[in-house]
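S.K.: Residues per chain, in single letters:
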Amino acid sequence: MKILYFAWLRERLNRGEEEVSPPPEVRTVNDLMDWMASNDEGFALAFARRSLIRGALDENIVDHDTPLEGAGTVAFFPPMTGG
Amino acid sequence: MKILYFAWLRERLNRGEEEVSPPPEVRTVNDLMDWMASNDEGFALAFARRSLIRGALDENIVDHDTPLEGAGTVAFFPPMTGG
Amino acid sequence: MPIKVRLQEEKFDPGNETSRFLDETTSDGAAVTFTGIVRSQKDKPVISMTLEHYPALAQSQLEGFALKAERRFGLSRVTIIHRHGKMFPGEPIVQVMTMSPHRHAAFEGARFIMDFLKTDAPFWKKEQTADGTRWVSARQEDDEARQRWKQP
Amino acid sequence: MPIKVRLQEEKFDPGNETSRFLDETTSDGAAVTFTGIVRSQKDKPVISMTLEHYPALAQSQLEGFALKAERRFGLSRVTIIHRHGKMFPGEPIVQVMTMSPHRHAAFEGARFIMDFLKTDAPFWKKEQTADGTRWVSARQEDDEARQRWKQP
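Chains as they are written, first to last, in this note's numbering: chain E, 75 to 157; chain P, 75 to 157; chain Y, 62 to 213; chain W, 62 to 213.
Simulated from the structure, these hints should not be mistaken for lab results.
Among these hints, one or two may not hold up.
[Claimed, not checked] Derived list of chain Y stretches under chain P, where covered just means 3 residues or more per stretch with a C-beta under 8 angstroms from a C-beta of chain P:
#1 107-116
#2 132-143
#3 190-199
Note that CB positions come from ideal geometry on N, CA and C, so glycine has one too.
Generate the whole structure from the sequences, applying the supplied hints.
M.R.: Here is the structure:
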């Protein structure tokens, strides 16, 4: 599974993407964030305020409780500020 | 006093403007229409449905009960359809 | 005063007018352009359209709408262009352009001006079709649109 | 499908884009163009702005907003242009153009698209000022503007 990071999340983590292989008990977007945070202090800090994090699965914006269901790409990013 | 006519009012009356000298008892826009209609059958027909007529005094759109108060130019026209 | 009102018989180019309007600023964030175009529908083709107008009153009414919109919505600039005389399907009739630091103000200002322009600016449309000519009727829904702005 | 979405790094000319958009039609009566411009305020001058984006998601989100607007308001055509990368005050960031037989639909469609674009299109602004760089914060009022469209 590929994870993408954007904007200040990307800067804080110091990477724009990475490959991860979460265990089967990681079922939802929230589970994925918990699992990443438990393995990586930098991730835990950057993702401390979950209300500021938005997620997308295979180019669809989703809520945090959405099941991953074999998604190939997960993206995390802050609230959007385009236009 | 000059009167201007526009659009289908102008066409029905077959004139775009005329000079008139109403007597002093003609005080309002409505009075002017009544006075014109009493002297001119064509005018009476064209102005039969007063709700379709709008008036302006010296380039200000006004209600029919507005006093003429020495206006130099009165304009009559149908509901507007610009834009 | 950053308000411009132009009444003209000549065709204008909506894109060029937009460029000119935008080129005058660097500090504002949002611009809205409304362009009204002569319509021709398949079921009743319009050959041409003639707009009669009352020049002095048209100028003062449009300036008044622009000024009211500027104050009410906090616009930094307004330009209104309105044609009169003969025009053909696909040609622009009217263009209203508003500029503001915020997009809602720019949108609201342009709508406000168009809603008043439709009912309270002295222009009258006459359509030429294969069946002859006819004066276009005022539309009830245009009166209702203007009325909305009078509610508190 | 009369929907066009363009993401690009290059500057675009809002007037030229308006002309191109309008030149494609003769049958519709109302066109609205919204242009968003990089702002710089006197009290906090912006030297430049960099927009990061998520290309595939941006394309699909903007196409989705355009399609929803087209259906909801009865638009005949929609074009959205959004830039990414580095840009400077006075330059256009985004342009949304809508076409419809009726002006209310054209206005509502453009507002709808802009309101969703502000909160749900994956772009992130970073401002460069004399004091350094900072990510622009999302604004509560943009969330509220989008929320309005969800009420029945």
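S.K.: For each hint, tell me whether it holds in the structure or not.
M.R.: Each hint, compared with the structure:
1. 107-116: Since 4 is at least three, the answer is holds.
2. 132-143: violated (count 1)
3. 190-199: Holds, because 4 residues of the stretch 190-199 of chain Y bring their Cβ atoms closer than 8 angstroms to Cβ atoms of chain P.
Against the hints set out earlier in the document, a violation occurs for number 2 only.
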